[in-house]
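K.L.:
Listed here are the chains, written in short residue letters.
4 protein chains.
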Amino acid sequence: MSAPPDAAAQQRAERAAAALFRRDRASQALGMSVAAVGPGRAEVHMRVREDMLNGHGACHGGFVFALADSAFAFACNSYNESTLAAAAQIDFLRAVPAGTELIAAAHELWRGGRSGLYEIEVRTAGGERVALFRGRSHRVAGSLTDEG
Amino acid sequence: MSAPPDAAAQQRAERAAAALFRRDRASQALGMSVAAVGPGRAEVHMRVREDMLNGHGACHGGFVFALADSAFAFACNSYNESTLAAAAQIDFLRAVPAGTELIAAAHELWRGGRSGLYEIEVRTAGGERVALFRGRSHRVAGSLTDEG
Amino acid sequence: MSAPPDAAAQQRAERAAAALFRRDRASQALGMSVAAVGPGRAEVHMRVREDMLNGHGACHGGFVFALADSAFAFACNSYNESTLAAAAQIDFLRAVPAGTELIAAAHELWRGGRSGLYEIEVRTAGGERVALFRGRSHRVAGSLTDEG
Amino acid sequence: MSAPPDAAAQQRAERAAAALFRRDRASQALGMSVAAVGPGRAEVHMRVREDMLNGHGACHGGFVFALADSAFAFACNSYNESTLAAAAQIDFLRAVPAGTELIAAAHELWRGGRSGLYEIEVRTAGGERVALFRGRSHRVAGSLTDEG
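Keeping their order, the protein sequence lines are chains A, B, C and D.
Using our numbering, you'd call the opening residue of the first sequence number 1 and step up by one each time.
Using our numbering, you'd call the opening residue of the second sequence number 1001 and step up by one each time.
Using our numbering, you'd call the opening residue of the third sequence number 2001 and step up by one each time.
Using our numbering, you'd call the opening residue of the fourth sequence number 3001 and step up by one each time.
These are computed hints drawn from the structure, not numbers from a lab.
Predicted model, so just to flag it, every value in this text is computed and none were measured.
Positions of the beta carbon are idealized from the N, C-alpha and C atoms, including for glycine.
Any given hint could turn out to be false.
Which chain A residues face chain B? A few, computed with CB under 8 Å, are given here [what the hints assert, rightly or not]: (1) 24; (2) 34; (3) 50; (4) 52; (5) 63; (6) 66; (7) 79; (8) 81; (9) 85; (10) 86; (11) 108; (12) 109; (13) 110.
Chain A on its own, in the form it takes in the complex:
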């Protein structure tokens, strides 16, 4: 007996995310956690640490980008087909201090051929928007887990 299509897609997304996160030393080292994942979507959390602050005393844009980029990666790899970031555009809306809990929510806008477009919103736990990120993905050979 196999799972219904939606449940199978959900399981595949969860297994791909688990496999990807297990090998993703960067996301682990930055203290990220994958709060939710599904076909074409993911939510990742990260708390801004003191060692993430830039010379203006706010979270360095690189770490805001890294959080959005990780949510993007979990979303675009959720079909268990190895997929890389080809390009991304980020708009920074608000500077955030150390201690802020950041949430990046990714959802798929479009897929065609080997390409995909994803929108990622980074907000504080309090709901203030911090950045908007749009990523273009490129599918390559291979999968994240053996299960297909």
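Since the structure of chain A is provided, determine the placement of chains B, C and D on it from the hints.
P.N.:
Okay, now just chains B, C and D, sitting in the frame of chain A:
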């Protein structure tokens, strides 16, 4: 006796970069070094560490972005006027493994009003291009050092 | 007796759009029509003509961009404060032939200081997505109509 | 006797551009002319007409984009392999009035797999920069001429 205009602009850029880097815990924690700075330009180096690798075994895009973003920050703050990143676009050209020495070279494309555009190329020490980054800056009130 | 706040904002958006469209020879010459407008949003229609086709036999990207850019302009000028496009990013999803009725729907993502971000979706009348456009606006001095 | 490699590549670029332009009703209707073309590069000229003005009395961004997009198309199709625009980013630096002669110069930044990145500068005949455009291309099946 004051320095000739070009030398003064160069000194101002160096002082601003030194002040910014001193307070920039993120760039320090990532092992970056400012190899060169001048009016509207900067070069920053960073070595890819094991804890910067993503689930595909290559440097996480967030760290490539962070390096480019720091070079951008030193370049757009080189007039000793506090300037923030408003937006950025990055194209990823090549995946790089741990141990790679990365160089981000930023130069100014345009300034008008409070806005500016900067181009940052990220390459390996061997000269292979890794990413192209274009940043839009926004000048705010204040300066980096007291000297103006 | 004055209109309630929402009705006043809606009237202001409609008057600003009418004033802008009256002077906008480009949008008129391309056969665009403003189907709807409101505070921070606009919908503009355009039919792809034979003289809009590129060398691949599809609508030239410049005209898809122009349609999105006009919807962006009506949305970001809807507060009756003169506002210009500073930058835009477009992703082309589908080629469209002559005769296609295109709809560009713009809505505001964010405003802060003199800047704003708008998302514009271009789709066919049949609902197929043709392009995604994100625009950054910059407010300047002046208004579209005398009424404020 | 065949032409030396560089001359052959140049001839191929010229033939591909001629074939593309002949079928490109949009670029013709906008009064564009291809001033130069070569492997990975192209220069296209266009004069801003009265019917290209927007509601602010300046050249509508759609026509500035269209000019850059055409230069991009001639550059990325210069290998005589059918190539489409996948995405583009434009920064508008200066508003231009009717009568202005605009020049768009495209050059290749990178190619890998089926993708390419091109930089296009739009300037006035007097050398003032009007816009910076970066395009991502995607190669599809087919060629522009039969000669390969």
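K.L.:
Are the hints correct? Go through all of them and say.
P.N.:
The hints, checked one at a time:
1. At its closest, the beta carbon of residue 24 of chain A sits 4 Å from a beta carbon of chain B; the interface hint therefore holds under the 8 Å criterion.
2. This hint is violated: residue 34 of chain A has a C-beta 11 Å from the nearest C-beta of chain B, more than the 8 Å allowed.
3. About 6 Å separates the beta-carbon of residue 50 of chain A from the nearest beta-carbon of chain B, less than 8 Å, and the hint is met.
4. Evaluation of the residue 52 of chain A hint against chain B yields a held restraint, the C-beta minimum of about 5 Å falling below 8 Å.
5. About 7 Å separates the beta-carbon of residue 63 of chain A from the nearest beta-carbon of chain B, less than 8 Å, and the hint is met.
6. The criterion of a C-beta within 8 Å of any C-beta in chain B is met by residue 66 of chain A, whose closest approach is roughly 2 Å, and the hint holds.
7. A cut of 8 Å between beta carbons decides the hint on residue 79 of chain A: the least distance to chain B is about 15 Å, and the hint is violated.
8. Evaluation of the residue 81 of chain A hint against chain B yields a violated restraint, the C-beta minimum of about 12 Å exceeding 8 Å.
9. Annotation: residue 85 of chain A was flagged as interfacial toward chain B, and the flag holds, the nearest CB pair being 5 Å apart, inside 8 Å.
10. A least Cβ separation of about 6 Å between residue 86 of chain A and chain B falls short of the 8 Å threshold, and the interface hint therefore holds.
11. Interface restraint check: residue 108 of chain A against chain B, minimum CB-CB distance 18 Å, threshold 8 Å, status violated.
12. Taken as an interface hint, residue 109 of chain A does not check out: its beta carbon lies about 17 Å from the nearest beta carbon of chain B, beyond 8 Å.
13. A distance limit of 8 Å between C-beta atoms decides the matter here; for residue 110 of chain A the minimum to chain B is near 18 Å, and the interface restraint is violated.
In this structure, the hints that do not hold are numbers 2, 7, 8, 11, 12 and 13, in rising order.
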